[in-house]
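There are 4 protein chains.
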Amino acid sequence: MILTIKSDAKKKDIDALTEKIKDLGFTPHISKGAVKVIIGVIGENEHKYKDVFESYDIVESATPIVKPYKLVSREFKKENTVFDVGGVKVGGNKLIVIAGPCSVDTKENLFTCARAVKSAGAHFFRGGAFKPRSSPYSFQGHGESALKNLAEARKITGLPIVTEVMDTRQVEIVERYADILQVGARNCQNFELLKEVGQTRKPVMLKRGMANTVEEWLMAAEYIYSGGNHQIILCERGVRTFENSTRFTMDLNAIPVVKHYTHLPIIVDPSHGVGVRDFIAPMALAGVAAGADGVMIEVHPKPTEALSDGMQALLPVMFDKLMQDIGRVAAAVGRTI
Amino acid sequence: MILTIKSDAKKKDIDALTEKIKDLGFTPHISKGAVKVIIGVIGENEHKYKDVFESYDIVESATPIVKPYKLVSREFKKENTVFDVGGVKVGGNKLIVIAGPCSVDTKENLFTCARAVKSAGAHFFRGGAFKPRSSPYSFQGHGESALKNLAEARKITGLPIVTEVMDTRQVEIVERYADILQVGARNCQNFELLKEVGQTRKPVMLKRGMANTVEEWLMAAEYIYSGGNHQIILCERGVRTFENSTRFTMDLNAIPVVKHYTHLPIIVDPSHGVGVRDFIAPMALAGVAAGADGVMIEVHPKPTEALSDGMQALLPVMFDKLMQDIGRVAAAVGRTI
Amino acid sequence: MILTIKSDAKKKDIDALTEKIKDLGFTPHISKGAVKVIIGVIGENEHKYKDVFESYDIVESATPIVKPYKLVSREFKKENTVFDVGGVKVGGNKLIVIAGPCSVDTKENLFTCARAVKSAGAHFFRGGAFKPRSSPYSFQGHGESALKNLAEARKITGLPIVTEVMDTRQVEIVERYADILQVGARNCQNFELLKEVGQTRKPVMLKRGMANTVEEWLMAAEYIYSGGNHQIILCERGVRTFENSTRFTMDLNAIPVVKHYTHLPIIVDPSHGVGVRDFIAPMALAGVAAGADGVMIEVHPKPTEALSDGMQALLPVMFDKLMQDIGRVAAAVGRTI
Amino acid sequence: MILTIKSDAKKKDIDALTEKIKDLGFTPHISKGAVKVIIGVIGENEHKYKDVFESYDIVESATPIVKPYKLVSREFKKENTVFDVGGVKVGGNKLIVIAGPCSVDTKENLFTCARAVKSAGAHFFRGGAFKPRSSPYSFQGHGESALKNLAEARKITGLPIVTEVMDTRQVEIVERYADILQVGARNCQNFELLKEVGQTRKPVMLKRGMANTVEEWLMAAEYIYSGGNHQIILCERGVRTFENSTRFTMDLNAIPVVKHYTHLPIIVDPSHGVGVRDFIAPMALAGVAAGADGVMIEVHPKPTEALSDGMQALLPVMFDKLMQDIGRVAAAVGRTI
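Residue numbers (the numbering used here), protein chains in the order written: chain A, 1 to 337; chain B, 1 to 337; chain C, 1 to 337; chain D, 1 to 337.
Incorrect hints may have been included.
The list treats identical chains as interchangeable, and a pair is accepted whether it falls inside one copy or across any two copies.
[Said to hold, decoys possible] Cut-off 25 Å, straight-line C-alpha distance, at most; resulting in silico cross-link-like pairs (SDA-like, lysine to any residue):
(1) Lys70 with Val37
(2) Lys50 with Gly158
(3) Lys195 with Thr336
(4) Lys78 with Ser245
(5) Lys10 with Gly227
(6) Lys36 with Lys50
(7) Lys89 with Ala9
(8) Lys22 with Lys77
(9) Lys321 with Ser226
(10) Lys302 with Arg74
(11) Lys107 with Ile58
In short, the hints are calculated from the structure, not lab data.
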């Protein structure tokens with residue numbers, strides 16, 4: 001960590017800080033520059049003491065040198081993390097495609113959808129049983145009965161199930177039915193939930209919070225990983241910006257960044273990322289070209305009957321075409337589907 | 001709600017949509033403009049069906065006319081919400097000041113701090129027992145023992161206690177010790193937690209999420225209010241922007257906006273909002289001048305011993321001066337302290 | 001345009017507003033909803049009077065129905081705009097690639113670079129003669145001598161030249177040497193410059209401002225188009241967000257949005273968009289997959305000798321590989337290069 | 001400057017970089033940390049070579065230690081810059097208030113307005129002759145005739161005039177009529193214009209660009225200051241964020257930041273900052289409480305006749321009340337008006 005010292009700092013205050021640095025087990029390296037004094041703090045776990053150093057009045061800024069995450073970093077583990085979920089490899093050269101409705105509604109719609117995405121070539125089936133909604137008056141999900149229907153859809157199609165868990169108290173029941181636990185964007189920094197899913201043995205798909213930097217997102221993954229659960233899929237789903245022609249701004253820049261800094265797989269969710277039906281397919285292809293390890297797409301056989309987010313659901317026929325396009329772009333960047 | 005129809009929509013599709021509008025109990029008003037057809041959807045609860053209308057392919061956009069929140073709106077209740085917490089009026093002409101350390105550390109520091117802020121004129125004492133931290137390796141709070149120490153500080157000073165609850169499973173224990181339950185910025189859209197604190201009878205201080213619009217924030221408050229808990233304090237604590245000279249960008253614009261649209265009290269938290277000791281006092285005064293109903297300030301007798309956020313803690317002597325300045329600005333805008 | 005009227009508006013004020021609407025040549029359509037009165041303003045050029053309607057105290061909001069741009073819209077011209085620059089078709093099925101150094105430095109580096117990008121298959125050569133720099137102490141460009149060197153590079157390679165114009169007074173000289181005039185991100189809303197390049201007969205590449213919505217960007221293009229210059233290339237180069245792991249956040253979502261709303265071609269500039277050498281190639285491929293009509297890439301034979309932005313310059317050998325990858329992704333989405 | 005070196009860097013590449021550092025006249029300080037090598041680059045003008053160091057492939061990041069601005073910094077000049085404009089002191093303990101219409105329209109409205117703001121106590125009169133408008137179809141300002149009317153208003157009231165210059169070619173004519181040249185938000189990084197106004201002897205009011213960091217804004221001021229014009233007023237007028245209940249997000253945090261880092265005066269423009277009549281007064285007061293050296297307010301006697309931005313114009317009677325409130329808040333923070 002580099003401490004930049006204020007220009008008007010007194011020698012005795014710099015000395016006191018230097019003592020503190022030694023007390024904490026670090027070695028201080030003082031450099032007197034043309035204008036400022038800077039102190040290099042050499043040692044491990046620098047992040048742990050960032051707050052302490054910054055609390056000194058003479059410290060203008062404390063700049064860490066290493067990234068704050070460890071176990072999820074490429075430096076900790078060079079090769080990509082690859083794991084198996086119900087017979088499907090995640091994180092390998094072959095992309096994964098997760099598809100299904102936003103919310104579980106009728107059994108008929110659900111099973112029609114599951115068969116359609118299976119036949120188009122999807123590897124996982126998704127559907128919401130517990131729904132995070134901005135309004136208390138909006139549909140909140142069918143809960144356990146939806147989970148049961150998802151399990152039935154799995155029996156019919158063989159596709160493993162991805163579904164969201166919103167609260168620590170729901171982890172047990174969702175774990176019982178789902179193959180992958182989804183942690184939604186609004187819970188990316190729900191640290192108690194992260195700890196809890198870190199204790200399960202089911203893979204976790206961790207969406208990026210809409211105001212979270214890549215670094216914060218990887219720290220959220222570190223919560224899960226350090227809890228003992230190493231099967232994590234990151235999912236970019238759009239961040240908040242001033243632009244309003246799309247629902248969010250899907251940040252594809254994050255894909256090469258994430259692939260550079262971490263060994264974990266990353267997928268994209270253009271359905272939530274842009275939120276407009278016509279723009280989803282191009283963004284799915286862009287995600288694949290940028291190096292994503294998979295794609296999640298909302299599909300509904302009858303979007304106008306959907307209980308949430310119908311405007312961003314593709315019809316099965318559109319999804320079918322998209323799968324073929326994804327296959328071509330995947331091949332162009334040396335991947336398969 | 002106003003539906004703008006795509007220019008190339010066919011008559012039969014417009015007719016089908018019009019039928020749907022009627023089926024849902026609304027009255028459609030069709031206007032053929034110079035360029036576009038628009039349909040006014042007249043009736044109550046328009047927000048409930050926004051998703052449905054948007055899922056129609058011929059609908060370019062659906063623009064609601066009324067705000068999505070009801071119970072927290074000025075239209076529902078014209079006069080300001082005022083309530084009593086441990087003998088202190090919240091939301092009235094007299095401002096409230098909440099002060100204390102970020103995290104509870106030693107008893108000695110805690111009680112020194114409590115006595116100091118009491119003597120400077122604060123009305124509430126704050127301190128974190130459960131701490132949301134970006135890193136799993138950072139100090140996570142002393143939990144129940146910290147709550148007990150806060151209760152002891154209340155006994156010593158008479159100041160009611162404000163402390164954070166991070167998880168539905170913590171609500172019971174925090175409610176037992178605290179006078180006001182704080183829901184932090186990262187949990188502003190933790191809907192299960194909102195529902196749970198909506199069931200308690202303790203007042204809730206709801207911080208704005210760092211990527212939440214004012215509208216989403218008020219919808220979060222609506223979750224609590226519609227659950228039966230009407231004692232809500234909104235707290236602006238900074239949003240995420242591109243600017244990096246402050247930790248967050250405290251959005252004081254939100255104060256007149258919130259006072260215009262809702263009857264709930266709002267306070268500001270400049271300590272987290274700017275995160276730099278030297279800039280906290282001016283922003284506290286600015287919050288009061290903008291019309292805030294109170295201020296929350298982090299104070300620590302020995303910032304370099306703080307277990308979190310020491311860089312943004314004021315020394316008691318600074319807080320004392322700030323209280324006097326707040327008093328003068330409050331008077332200038334017709335308030336007392 | 002839809003005017004939403006405040007709930008407490010008096011009848012006489014609504015009547016006065018209605019008269020004003022008629023006076024301006026529009027037809028008012030009044031709808032009394034469950035909660036609010038709304039007035040539809042029917043007629044052309046609604047945007048021209050948005051400010052006027054909003055200045056009425058009883059008007060809560062004025063929501064235009066049609067987009068504010070006309071000539072650049074898909075509604076004005078359905079088919080893609082395609083034009084020829086020095087024998088290269090822009091906006092057609094074949095992508096364009098623009099490559100070269102950020103700034104023009106030595107003749108030797110320039111000509112080496114021009115030959116390298118030509119041999120790799122680029123269609124245009126770029127280089128900065130006038131440089132917009134955040135600091136007055138940074139290199140500001142070699143001006144006319146750089147323009148002359150660019151012209152010489154064109155003679156050597158046959159590649160048409162793209163270079164930036166920063167000021168109305170530079171338009172004449174840049175027009176004399178360049179084949180395409182670049183208007184940079186910081187000048188996206190330099191309206192006098194837009195008017196001036198609208199008067200030239202050279203094609204204009206208009207970069208999106210780092211805080212401009214797609215709508216504002218298209219309005220900037222409308223300035224040029226309505227001035228009589230219809231040869232416009234839009235260029236997405238990243239917007240400002242809270243994320244700091246890349247220099248800017250390149251907004252690929254804007255590509256399908258722009259292709260939907262306008263007939264103008266759009267290219268991407270991942271070099272400025274991400275600003276980190278390792279992340280440029282994936283983002284270039286993502287841009288092509290998203291539907292961009294071309295790519296601009298910074299290339300320098302000796303990045304450590306570059307006078308600006310060396311950290312984002314590809315070596316010729318990297319660019320060569322990228323061209324092949326672009327070719328494959330282009331083919332996958334039905335385009336050629 | 002601190003260079004963080006990539007973990008896999010080879011010794012010979014580090015040696016080559018070290019040589020380059022020496023060649024450029026700096027002294028390298030190498031520290032081998034627990035995980036990374038970092039190199040301190042000691043010497044002046046580090047910013048000038050940031051690009052060069054970052055262009056080395058082994059450099060992960062280059063972190064400057066000193067701020068990039070010099071002449072406008074507090075380190076260069078400790079005491080506040082105070083100067084006189086037409087008999088009014090700017091930057092002193094007494095606040096300045098600039099008021100007037102957004103655009104100059106009729107003489108009658110203009111003179112009525114000028115007399116009203118004078119009588120309410122304003123120190124400067126503002127009005128737009130050249131108007132930056134998002135749309136080419138919007139009113140673009142009355143140009144020189146408006147400047148002449150402003151000069152007449154000055155004769156009538158004695159108030160010095162503030163008006164915008166949008167283009168290098170307009171500097172001469174605006175300088176002839178105006179007392180303070182305004183550089184608008186969209187031109188904050190129009191570097192040629194900054195250089196040009198740096199050559200004039202008229203004070204410049206420099207608005208912050210809506211996507212500019214405080215650092216970039218101060219660098220823009222450095223362009224003017226280093227050109228020889230030291231009479232600069234900074235003006236915060238709102239930045240772009242995701243929030244949409246106000247037109248922009250006025251960043252009051254910037255006020256203490258700017259006062260800390262620079263000796264230049266700063267004022268706030270809540271009219272553009274929030275863009276909603278009802279929210280302007282509270283934000284003006286908040287700006288004063290935060291430490292601003294003045295306020296700019298749009299006032300129009302008949303907002304519904306305004307040619308631009310009528311929705312954010314205060315009526316003279318509202319402005320009159322605001323002046324009294326400003327006076328009280330100013331007194332509360334030890335200032336006068």
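Unmet hints by their number, sorted upward, for this structure: 2, 3, 5, 7, 8, 9, 10, 11
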